[in-house]
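Residue numbers (numbering that gives the first Met the number 0), protein chains in the order written: chain U, 0 to 102; chain R, 0 to 629.
Hints may be right or wrong, so weigh each one.
Going by beta-carbon spacing under 8 Å, a handful of chain R positions derived as facing chain U [as the list claims (entries may be wrong)]:
(1) K451
(2) I512
(3) S605
(4) G606
(5) R609
(6) A613
(7) T616
(8) G618
Label-pair distances were calculated between CB atoms; the ranges are [unchecked claim]:
(9) L35/U to G614/R: 18 to 24 Å
(10) L35/U to G588/R: 45 to 51 Å
(11) F10/U to G614/R: 45 to 51 Å
(12) F10/U to I628/R: 57 to 63 Å
(13) L35/U to D579/R: 56 to 62 Å
(14) M70/U to G614/R: 19 to 25 Å
(15) F10/U to Y592/R: 42 to 48 Å
For the record, the hints were derived by calculation from the structure and aren't laboratory data.
Yeah, the Cβ is synthetic: ideal placement off N, Cα and C, and Gly gets one too.
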Amino acid sequence: MMPQALLEHGFLLAGALFALGLIGVMVRRNILFILLSIEIMLNASGLAFVAAGARWGQPDGQVMFIFILAMAAAEVSVGLALVIRLYHVFKSLDADCASRMKG
Amino acid sequence: MPELLWLIPALPLLGFIVLVAAGSRLSRRTVAIVGTGSVGIAAALSIFLGTGFLAYPPLSHHYSQTLWTWIDLGDFRPSISFYLDPLSLVMVFVVTVVGFLIHLYSTEFMSEEEGYSRFFAYMNLFVGSMLILVLADNLLLLYLGWEGVGLCSYLLIGFWYKDTANGKAAMKAFIVTRIGDTAMAVGLFLIFVNLRTLNIQEVMQKALQSWPESSALAVAAAALLLGGALGKSAQLPLQTWLPDAMAGPTPVSALIHAATMVTAGVYLIARTNVLFTLAPVVQEAVAIIGALTLLLAGFSALTQHDIKRVLAYSTISQIGYMFLALGVGAWSAAIFHFMTHAFFKALLFLGAGSVILALEDEHNMFKMGGLRTELPVTFRTFLIGAASLSALPLVTAGFYSKDLIIWSSWSSDKGGPLLWAAGFAGALLTSLYTFRMVFLTFFGEKKGVVNKRPGIRMKIPLVILAALSIVGGFVELPRTLGNFPAFSGFLNTVLPPVETAHGDLSLEAIMQIGASLLSILGIYAAYILFLKRRRYTEELGIVPISQAIHRFWFSGWGFDWLYDRLFVRPFFWAARINRDDFIDLIYAGVAWYNRFLHRALSLTQSGRIRWYAAGITLGAIITIGIAVIL
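Generate the whole structure from the sequences, applying the supplied hints.
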């Protein structure tokens with residue numbers, strides 16, 4: 000069991016990390032950094048789950064974190080494949096290059 | 000034998016169908032035979048049926064034949080059925096016989112023209128529609144014929160459609176008569192809604208039972224029908240279309256715009272005379288309109304240069320006489336004048352047509368002259384027609400019919416000195432403008448070269464019509480001259496006799512002598528002014544005031560000018576203002592708004608992933624914000 004204050008700290012940290020990741024996604028143009036920022040956001044939400052699970056002594060939070068890890072691994076593998084294709088086509092890692100693919 | 004009645008309108012319609020379907024592939028000879036023959040057989044049939052009707056009058060004084068039910072909607076069940084009584088018999092006789100003669104004339108008159116089969120197809124359709132109009136036993140079928148003749152009038156005025164002016168004249172005729180037709184249609188609605196029937200005889204009976212005299216409904220119904228009659232018969236204030244309708248070929252003017260169609264209004268009023276008797280105000284209006292029209296048109300006829308326009312104004316004026324007769328309750332006198340007018344006016348138009356043809360399309364009477372010796376048959380028959388139109392006493396048909404009208408306008412209880420004076424003065428005007436035309440065209444020095452003399456097919460109709468213009472009057476002799484009222488006696492079962500208020504025999508004789516002298520005086524004045532002493536008119540033409548009056552009358556009392564200012568220009572102005580269609584702006588606005596939304600939304604699809612992320616973030620924040628606040 001974990002005291003209430005620690006939970007709040009954990010949530011604050013998770014929120015701050017999530018916000019940082021979000022800002023990263025929005026302001027960085029390099030697609031690698033965007034992927035990194037998404038990872039940060041994912042981990043931030045994972046941290047929130049772990050903290051909550053610890054607060055109420057339930058395993059669910061950690062189960063969710065395992066899920067998130069698995070999902071993040073899949074996302075990164077697809078994402079990196081896309082980055083390689085992107086670099087191959089545009090000779091650049093700038094995400095805005097891909098805006099020409101207007102549908 | 001009366002079972003053959005349906006054939007009379009069916010034959011010309013059949014001719015129309017044949018000519019429309021195969022006209023361009025038939026030779027001119029075949030076209031002429033089909034076109035003239037169909038009307039000729041109809042004329043023979045109508046004479047045949049007419050003699051049968053006279054010899055063995057049906058007990059109920061009419062014969063009707065129902066072919067089939069046209070429309071079946073609850074209690075609205077008009078049928079295609081024909082109704083032959085003395086009134087429609089007279090109309091059918093005039094329409095088919097005069098129609099046949101004019102068709103015969105046209106086979107030669109139009110022989111050089113393009114669209115020979117088109118011409119005869121329209122003419123046959125016209126005769127068929129006119130016969131439906133006069134034979135209809137219900138007002139809806141009558142309206143079908145009414146619109147049919149209007150359509151043919153439009154098509155034939157614009158027959159030479161390559162000239163834009165002719166098309167405009169046709170449109171004018173169509174649109175002006177449409178005003179009257181709309182009034183008439185509203186009148187039919189009114190009658191049906193209130194009396195639950197459109198059958199003419201039933202309408203008359205029910206109107207007598209359920210509408211008291213001068214009741215609002217009777218007045219409205221009569222006034223609306225009068226509106227239709229005014230448009231069709233070119234009476235004030237809808238008379239402006241008829242002079243322009245002369246743009247059509249001359250046989251068309253003779254058949255449609257003199258003998259038959261323009262008198263449909265007279266027929267309508269005579270046919271529905273009960274309604275007009277129930278609405279004395281409207282009947283008085285009929286008399287006043289007739290009196291005014293006959294004078295105005297008479298003065299206008301006096302100033303025209305174009306021989307056909309003289310005849311057009313003369314037609315308006317003579318129909319004014321008929322309206323005057325209807326207005327004073329002399330129903331049979333109106334129909335009598337209709338008949339004699341059909342004979343002599345058709346004759347005059349056909350005569351004018353052969354003059355125009357002889358002088359290579361010359362319409363101006365001042366460029367004619369001296370044709371007396373060049374075109375002897377035309378001259379003699381034209382002279383008979385002119386004498387009949389001027390009501391030359393004793394020998395002409397026009398005398399007997401016009402005299403009856405003038406006398407009725409005095410003696411009838413609805414007549415009066417003013418109406419009588421208008422008719423009386425009109426008699427002088429008529430003979431003046433008629434013989435002005437005769438002297439300018441046929442007398443004096445020769446001015447044109449005659450290129451084409453009428454052949455036998457043009458002469459026969461002229462001679463027959465000339466004969467009819469004389470003997471046509473002997474069917475009704477006034478009390479002072481033999482007292483032989485056969486015509487009005489024949490129509491007695493349909494049209495009630497005049498209710499005489501002051502019928503003094505010696506006064507009638509005095510008035511007849513007065514009118515006769517007036518007619519002769521008019522001829523003499525025309526002789527002095529337009530033949531013997533031309534300088535009188537020439538000197539008069541220099542005076543500014545008489546020039547102004549001349550211009551005013553020449554333009555038909557400025558009605559065209561007035562209507563142009565009052566209706567045509569405001570309409571064009573409104574049309575120009577509304578060129579972009581005000582109402583449409585609302586719908587255009589809806590379309591513009593949707594397009595704007597579409598553009599705005601498609602802007603958001605920029606392909607920039609970071610903007611998408613920002614959008615998602617913003618949306619999430621707003622959603623969470625709302626959830627938190629609420």
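Consistency of the hints with the structure:
{"no.": "1", "hint": "K451", "result": "violated (80 Å)"}
{"no.": "2", "hint": "I512", "result": "violated (102 Å)"}
{"no.": "3", "hint": "S605", "result": "holds (6 Å)"}
{"no.": "4", "hint": "G606", "result": "holds (3 Å)"}
{"no.": "5", "hint": "R609", "result": "holds (5 Å)"}
{"no.": "6", "hint": "A613", "result": "holds (5 Å)"}
{"no.": "7", "hint": "T616", "result": "holds (6 Å)"}
{"no.": "8", "hint": "G618", "result": "violated (13 Å)"}
{"no.": "9", "hint": "L35/U to G614/R: 18 to 24 Å", "result": "holds (21 Å)"}
{"no.": "10", "hint": "L35/U to G588/R: 45 to 51 Å", "result": "holds (50 Å)"}
{"no.": "11", "hint": "F10/U to G614/R: 45 to 51 Å", "result": "violated (26 Å)"}
{"no.": "12", "hint": "F10/U to I628/R: 57 to 63 Å", "result": "violated (21 Å)"}
{"no.": "13", "hint": "L35/U to D579/R: 56 to 62 Å", "result": "holds (59 Å)"}
{"no.": "14", "hint": "M70/U to G614/R: 19 to 25 Å", "result": "holds (23 Å)"}
{"no.": "15", "hint": "F10/U to Y592/R: 42 to 48 Å", "result": "holds (46 Å)"}
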